[in-house]
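Peer 1: Residue numbering for the sequence shown follows this note's numbering, beginning at 7 and increasing consecutively.
Do not rely on the hints blindly, as some may be mistaken.
Unchecked claim - FRET-style restraints, in silico, Cβ to Cβ:
#: 1; residue 1: D193; residue 2: H39; range: 33 to 39 Å
#: 2; residue 1: A187; residue 2: G256; range: 20 to 26 Å
#: 3; residue 1: G181; residue 2: G36; range: 45 to 51 Å
Claimed, not checked - In silico EDC-like cross-links for lysine to aspartate or glutamate, where the CA-CA straight-line distance does not exceed 20 Å:
#: 4; residue 1: K14; residue 2: D79
#: 5; residue 1: K14; residue 2: E25
#: 6; residue 1: K14; residue 2: E58
#: 7; residue 1: K14; residue 2: D67
#: 8; residue 1: K14; residue 2: E117
#: 9; residue 1: K14; residue 2: D30
Worth flagging that the hints you see were computed from the coordinates, not collected in a lab. For clarity, every value in this text was computed on a predicted model and none was experimentally measured. The C-beta atom is built at its ideal place from N, Cα and C for all residues, glycine as well.
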Amino acid sequence: MTGRQILKGIEFARPQNAEPLLLDLYLPTGETHPGGRPAVVHFHGGGWRTGERSSLGPAVDGLGLSPIGQLADAGFVVASADYRLSTGATFPAQLEDAKAAVRWLRSHAAEYGVDPHRIYAWGDSAGGHLAALVGLTAGAPDFPGRGGNDGPDGDDSVAGVVAWYPPTDLLRMGGQARPDAVARADDPGSREALLIGAQPADAPDKARAASPLGYVHAGAPPFLLIHGTADRFVPVEQSTSLAAALEGAGNAVELLLLDGADHMWASPDGNSGAAERAIAATIDFLRRQSEQH
């Protein structure tokens, strides 16, 4: 284990008609690595309408496990980035910002001791949705990005993706909701409707364009999907269907289902077991991927 230094509030993009976007950078201390350390760009959750960088939601934050800190202590540089929320901009603004964060980190790799070939994306909930899209749309002309300090034409690819309980198919999400769901994608004014500017059923083309499932292709980076089987916000089928599609296209994908875990790894007895398993699996996956490059 190593220590870490945290650099907060670094501007990485300035979208038109919006506040500058900031990220926090977690830098492992200790011996330097020839060629640079592996790095992870993290995107927070919050239904695309709330949340902030360096948070994994109140339930996870409240456990005091510090997943980002643990990842940095494991030797990864971590950049936790903000993005425009859906209260001020609809999709694809959020994806453009996520891509800008990846490009920024790659363009500053030498400055912060990062290996530009070992940059990974990780996100939880809405952030998992963005991490999956980043992994599946690298170089896509539909999402060139705007406002990044290194310009819209930089390399936005990642070498792997970790997504915790991600929405992946906005059209089917409402129909997959549990009977005890806290939120449904087909509810009036849903988070998904705010993201795309319309109810998914009323704007299927917009819903598909914002769904990672529609971008699955051969040659995608390796994925780790982690989901609780009792998730009342994002149906577990959102992860199982993406895993099946990735595998069907010949891609490397790992799926970890945590029995009885709700969104943000909440459990009826309030223990942290699911969160601890998710964090350990995340670090293990990223370590294995980084050692293969």
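Peer 1: Identify every previously stated hint that the structure contradicts and give their numbers, smallest first.
Peer 2: 1, 2
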